[in-house]
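**Student:** Starting from the structure of chain A, add chain B where the hints point.
Going line by line, the protein sequences match chains A and B.
Here the numbering used here is used: the first residue of the first sequence is 1, the next is one more, and so on.
Here the numbering used here is used: the first residue of the second sequence is 1, the next is one more, and so on.
Hints in this document: simulated from the structure, not taken from any laboratory.
All C-beta atoms in this analysis are idealised placements derived from N, C-alpha and C, irrespective of residue type, glycine included.
Check each hint, because a few of them may be wrong.
What the hints assert, rightly or not - In silico contact screen, one side only, chain B against chain A (beta carbon under 10 Å); selected entries:
| hint | residue |
| --- | --- |
| 1 | Ala122 |
| 2 | Ile128 |
| 3 | Leu134 |
| 4 | Thr142 |
| 5 | Ala145 |
| 6 | Glu239 |
| 7 | Ile255 |
Protein chains: 2
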Amino acid sequence: MAWMNGDGVVKRIGIIGCGALATVFLEHFREVLAGAYCLSGIHCRSEDKGRSAAGRFGTRFCRDIAELLETAPDIVVEFASGEAVRAYAEDVLRAGADFVCVSVGALADAGLRASLISAARASGAKLIVPCGALGGLDLMRTAAAMGGQSASIETVKAPKGLAGAPGLQGRALSGEKAEVVFEGGVQAAIEGFPKNVNVAVATALASETADLSVIIRSEPGAKGNCHTVRLENPAMQAEIRIRSKPDPDNPRSSISTAWSVLALLKDRESPIQFF
Amino acid sequence: MAWMNGDGVVKRIGIIGCGALATVFLEHFREVLAGAYCLSGIHCRSEDKGRSAAGRFGTRFCRDIAELLETAPDIVVEFASGEAVRAYAEDVLRAGADFVCVSVGALADAGLRASLISAARASGAKLIVPCGALGGLDLMRTAAAMGGQSASIETVKAPKGLAGAPGLQGRALSGEKAEVVFEGGVQAAIEGFPKNVNVAVATALASETADLSVIIRSEPGAKGNCHTVRLENPAMQAEIRIRSKPDPDNPRSSISTAWSVLALLKDRESPIQFF
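Extracted from the complex, chain A is given alone in its bound form (with noise of 0.2 Å):
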C-alpha cells in the first residue's frame, strides 16, 4: 500500500553510527522512505567506516556532531551507543532536531533523560523511543494514562548473548542447563548487564513503571533472543512476547530495531498513522 505522502516536503534525516543496525536502515531506506526522506549526512567514531558507509548510500560524512547539524536534519537517528546518546542528543534536541534514541539503555539516567526533556521541550523538538527489538509500547502508554499499572520483562538469551557482562562476575554459563542469572529493578539490571537493557528500559518508560521487575535467563541452545513483558493494571492484563530468529546475513538479533526506525518513519509521514 502507497501510504507515503509523495508530494510533502521531503524530511531530512541525519545519522549517527555505521555498524550493523545502521546499514540494515541505510540499505532499506531508498525503498521504504524514498519520496519523503533524503539523508543529510552521517556521522560516526570511525572516520574510515563513516566514509566508506556515505560514499555507499551518497551522503556526506560528517567528522563531528557540529558537521552534521549544519546539514541541517529535521530528525537525528542514533544507531550507535550510550555514550552518543549522553555526547550528542542534548545538542541535537537544542538545535531544534527530533532525535530517535535507539541506544535507549542510556535514558535510564534520570539525570540526562531530564536535561533531553527539556531540551526537548525548549526547542519544540521530540525525543522519540522507537520500539526497537520489542513492541507494545502503545498498550504500555495506555496502561500508563490509566494508571494503577504494573510490568515485569523477561529476556532470554543463549549463554554467549550473556558472556562477559559484568553482573556474571567471572562465572561461567553452563552450556548445558538454563538458568535465571538475573532477577532484580531496572538500575540494578544497567549496571550488571549494561548491553541487554534497551528492551528493559524502554518497557520502563513507556510503561512509567521505575520499579519494573526485571529476569534475564540463560537458555543454551536458545535461536536468537525472547523477550517476553507482562502488563497489568486494575483493567486489563496483557502479555507481549517476541522472539527475535537469526538473520541468515547478519546473526545479530536486533535487525528489527533497524526496522522498527524505518517504520516509525514512514509512520510520522502517511496520511494514515497508527498509534
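**Tutor:** Same frame as chain A, now just chain B:
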C-alpha cells in the same frame, strides 16, 4: 512524570459521539491532557445526550458536522460508530483536521479507506488508528515494513458478547461449552460479527496482511474479552495477548479504547514520544 508541553500551542479537540467511550474520555480529558488540549465541541446523534455531555464537560454542542468543523478543531475523535466514520471522516480530513478513527472496523471498506487516505494526503491532515482494545500496532508496522509477514487474531468472548451476531444465523451459544463460532478472513468476519471486528481490522491494516486469519471463540464464564495476535516474518515471531477485565463502574470491556486515545493525544504533544 510531567511530560506534557504546558507552554506550547493548545490544540483543539472535537468529539463525535456521547456514549460510554466518549464519556470515559471526557471524564479524564482535563486530568491527562490539560495544558496541551482543549475541547472545541461535541456532536452526537442524540441532541439530549449531546447537550447534557456538552454542559457537563464545558464544551459546545454541535448539531451537525459542519457546526463541529466551525469550532476549528485540530483533531476530531470519533467515538460513535462505523456509520459516523462513513458520514463524517472525509469532511473532517478535507477540512484539514486529523481524524482519530475509533470505529476502525469501518476502514475494512477499501473504497472508504482510499477516499480517506486521499483526503488526508490532499489536506495534510492525518487519519489516525488508535490501538484501541488492542496493542502492538508498532510491532505490526515494523513487521509490515520488513515484509514476508503473516498474522492471525483470536478473540475469546463470553457467549453474551456474541449473541445475536448475524454470523450465528440465529444459533444460540452454549452456556457450558467453549466453541469456535467463526474461523475465516477479515471480510467474512465483518459480515458475520460486525460488533467484534475493530481489533481484527486494526490488525489487518497495521500488519498489512489482507489475508489475516480470524478466529472468534465463545467461552462461557469468560470475564471480559481476550484478544491474541500472532505475527510472524522470516526474522521474528511475536504474540500479543490482551485480557480486558470488566470495569466495576462500566461493564463494557473496551474502556481501554478510550484510554488509548488519551495516551495517543498525550504522546503527540509530549517532548518524549514512543513508537
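**Student:** Quick one, is the B:Glu239 hint okay against chain A at 10 Å, beta carbons?
**Tutor:** holds, 5 Å
**Student:** Mind checking the CB of B:Ile128 against every CB in chain A and telling me if the closest is under 10 Å?
**Tutor:** holds, 5 Å
**Student:** Once the shortest beta carbon distance from B:Leu134 to chain A is found, is it less than 10 Å?
**Tutor:** Where the cut-off is 10 Å and the nearest Cβ of chain A is about 8 Å from B:Leu134, the hint holds.
**Student:** Does B:Thr142 meet its interface restraint, that is, does its C-beta lie within less than 10 Å of any C-beta in chain A?
**Tutor:** holds, 4 Å
**Student:** Let's test the interface hint: is any C-beta of chain A closer than 10 Å to that of B:Ala145?
**Tutor:** With a closest approach of 4 Å, the B:Ala145 hint holds.
**Student:** Hint check: is the beta carbon of B:Ala122 less than 10 Å from a beta carbon of chain A?
**Tutor:** holds, 9 Å
**Student:** Can B:Ile255 be said to touch chain A, with a Cβ gap under 10 Å?
**Tutor:** holds, 6 Å
Every hint from the earlier list agrees with this structure, and none is contradicted.
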